[in-house]
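A.B. asks: In the order they appear, the protein sequences are chains F and G.
At position 130 of the first sequence the residue is numbered 130 (full-length UniProt numbering), and the sequence of numbers has no breaks.
At position 71 of the second sequence the residue is numbered 71 (full-length UniProt numbering), and the sequence of numbers has no breaks.
These aren't lab readings, by the way, just hints derived from the structure by calculation.
Don't be surprised by glycine CBs; every beta carbon is placed ideally from N, CA and C.
Worth double-checking, as some hints may not be accurate.
Claimed, not checked - Okay, derived cross-link-like pairs now, DSSO-like style, lysine-lysine, Cα gap no bigger than 30 Å in a straight line: (1) F:LYS35 - G:LYS110; (2) G:LYS155 - F:LYS35; (3) G:LYS110 - F:LYS254; (4) G:LYS32 - F:LYS381; (5) F:LYS381 - G:LYS110; (6) F:LYS136 - F:LYS124; (7) F:LYS260 - F:LYS111; (8) F:LYS370 - F:LYS259.
To be verified - With the C-beta cut set under 8 Å, the calculated list includes, among others, these residues of chain F facing chain G: (9) PRO171; (10) HIS173; (11) ASN242; (12) THR280; (13) GLU281.
Here is how the chains run, residue by residue.
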Amino acid sequence: MYGTQSKIDHALEYQAQIAILRPSIHSRRANLTVKFQDLYGFTVEGNVDDVNVLNEVREKVRERNRLWWALEASKGANWYLHCSMGEGSTSSSLKSSLKLSVLTNAITLKKLIRQGIPPVLRPKVWFSLSGAAKKKSTVPESYYDDLTKATEGKVTAATRQIDQDLTRTFPGHPWLDTPEGHAALRRILVGYSFRDSDVGYCQGLNYVAALLLLVMKTEEDVFWMLAVLLENVLVNDCYTNNLSGCHVEQRVFKDLLAKKCPRIASHLDSMGFDVSLVATEWFLCLFSKSLPSETTLRVWDVLFYEGAKVIFNVALAIFKMKEDELLLTRHVGEVINILQITTHHLFDPDDLLTVAFETIGSMTSNTISKQRKKQEPEVMKELDERFRRLNSLKI
Amino acid sequence: MATIGHNNINAKLVLLGDMGAGKSSIVLRFVKGQFLEFQESTIGAAFFSQTLAVNDATVKFEIWDTAGQERYHSLAPMYYRGAAAAIIVYDITNEDSFARAKKWVLELQKQGNPNMVVALAGNKADLEDKRKVTAEEARAYAEENNLFFMETSAKTASNVNDMFCEIAKRLPRAQPAPNPAGMVLVDRPSEGSRAAASCCS
Chain F
1 MYGTQSKIDH
11 ALEYQAQIAI
21 LRPSIHSRRA
31 NLTVKFQDLY
41 GFTVEGNVDD
51 VNVLNEVREK
61 VRERNRLWWA
71 LEASKGANWY
81 LHCSMGEGST
91 SSSLKSSLKL
101 SVLTNAITLK
111 KLIRQGIPPV
121 LRPKVWFSLS
131 GAAKKKSTVP
141 ESYYDDLTKA
151 TEGKVTAATR
161 QIDQDLTRTF
171 PGHPWLDTPE
181 GHAALRRILV
191 GYSFRDSDVG
201 YCQGLNYVAA
211 LLLLVMKTEE
221 DVFWMLAVLL
231 ENVLVNDCYT
241 NNLSGCHVEQ
251 RVFKDLLAKK
261 CPRIASHLDS
271 MGFDVSLVAT
281 EWFLCLFSKS
291 LPSETTLRVW
301 DVLFYEGAKV
311 IFNVALAIFK
321 MKEDELLLTR
331 HVGEVINILQ
341 ITTHHLFDPD
351 DLLTVAFETI
361 GSMTSNTISK
371 QRKKQEPEVM
381 KELDERFRRL
391 NSLKI
Chain G
1 MATIGHNNIN
11 AKLVLLGDMG
21 AGKSSIVLRF
31 VKGQFLEFQE
41 STIGAAFFSQ
51 TLAVNDATVK
61 FEIWDTAGQE
71 RYHSLAPMYY
81 RGAAAAIIVY
91 DITNEDSFAR
101 AKKWVLELQK
111 QGNPNMVVAL
121 AGNKADLEDK
131 RKVTAEEARA
141 YAEENNLFFM
151 ETSAKTASNV
161 NDMFCEIAKR
171 LPRAQPAPNP
181 AGMVLVDRPS
191 EGSRAAASCC
201 S
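So here's chain G without its partners, still in its complex pose:
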């Protein structure tokens, strides 16, 4: 859940999607501004935090980057429980990964927090010549399911920060923190290797 205080918002965010879709690369791009051609496969999940300044507030994302292999699916509820936002990632060069993304959407609709901001990210947008999933198809699906959609490239950095900014803007502002999952999120000054990035307007 997103919690609020003095215009500081803490938001738990989870990345879900097929193995090799680029979840860890998107996080690494967003948190450290880096890209690795060969990113270590994630086991269980990895945790990161990053702060963003949006118009009226500072949003501190607490990011859970999960493992993509199908059998790790059974661990996912532990990571999306109480999340304010989710990014469901697929690889535009891989149709199976898009099918998998749709399954995640369904699962979050049934099991996740109803106010969750859900983004659909078509990653590896730099690999246009290998594209298998059209942007139109994905956009139509996203609209139908009330998700917001962007094609991203962790490699070129295209749309990665924008996507997090957009999520930050869409997080519910006014409600107090009910915190049903008991995850304690307290306000702290921004820390970490990068200073609070300013959001695009």
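Next comes chain F alone, as it looks inside the complex:
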């Protein structure tokens, strides 16, 4: 079974290692690149400034911890679990002072979540606010155990692909890349492939589930987080058959980039650079392959509470942060280099999230839904034509 305690011990160990790497003036001068492990055990490469930033982030995490506990004391235990952000409930909430306090809490909570959920509270807060708890409560208690038992030893196209990817998911991670880590990841992915045969297994989910495994307390909770993500949080068909949902999101993203960052959009367009070349991975892996772990999880904090529109805010922010540099590029490789270096070094989540939510400005889920509806027919037509063309090719 999957050991929570040993994971926590690991986390403490990594923190100790970071402290040892506190840079001396000497190494700063040399601008050395060092390898170190972050809060979740990932080996990252960076210079001494990055190590400093990571230390500052750890300090901020402690502050957040204190803040959330103080609120717990003043508003009552688990107060955040009773905040409903449902858009329809807002007006009725205003009808009584009791409901007004719920609304106030909801506003406080939205702000708090954008500032980050403390890692120790993430499992509980995510599970509840994302709707995973509710989803789980609709089926018998033994659902996950029954599912894993029933699917044990079954071989399908999906299980073969999952087996191929287990050792290729964050290789070298001290827990994920162990027999125990592989087994847990396998049960979740195989279980899900049987729950939804339209999705089966889609590459990309391996990274998402793996990172969830490092956050959630139990393997079963990871399964439900994955379920709520695919079935409720994200747009439909992101991971099915021909990734049609993902194609729709990419088109919406291009429109939003033209609207929110018109100079970048027209510059890249004139170079013939299609932003989907880089953004596809961001959307399918939910940034887990590009951003440092705590930064990714800060994005997920908001994703699970506010919904899939958050991915657009963050993707736009990555471009926006590097606007000046991007406008000087003349070449595809340069654009990709800038974006890669930027994402890999975003150790301070606040740098990214401030741009994502303040500079980019708000976009309602409603607006995004309308944009998706507009793009869907065109995407389906294109995929359909392509499918027919390919089918007409005979070996």
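We have chain F already, so just place chain G on it with the hints.
C.D. replies: Same frame as chain F, but now just chain G:
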């Protein structure tokens, strides 16, 4: 498309093939001279560049290493559009991956740039005892379809550089750059972690 200037050629190259065939490993071997037993699975695609010196020119490859899972197929046109060269990779220990490679060949013949240099790479050639696809069969298929064929091993480095060299030599030289897809490729001095590798003659 390959573009030319002062004997410098920029060429967009795409790798296609089944998941786990070794596309990323071939690129990693070529670009960094490394091999990882467990290579992270590629999502969407990854970009690399590497420069090669051939007899009369310097070729800078701009490489798109794509994801292999079948459903990612729908993203592929974005990566092969405007490509001057393609390497279609299969795993010699896996017959399905060879069938998949043939589908890619067909697709490129129908949809790709007609002057595209297409290479067929039978990877994992070091795993002779697990071989399922014979070199003869693959060579015959390659000849029929006007591809050039090599068996490679990203693990031992066998034929990997040679394959890129061969592609570099076959790239069309004389024509000006029509650039129909609008991909702007400009000449730049070679950069990156490895200096321009010299090509075998």
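A.B. asks: What are the numbers of the hints the structure violates, in ascending order?
C.D. replies: Result: hints 1, 4, 10 break, sorted rising.
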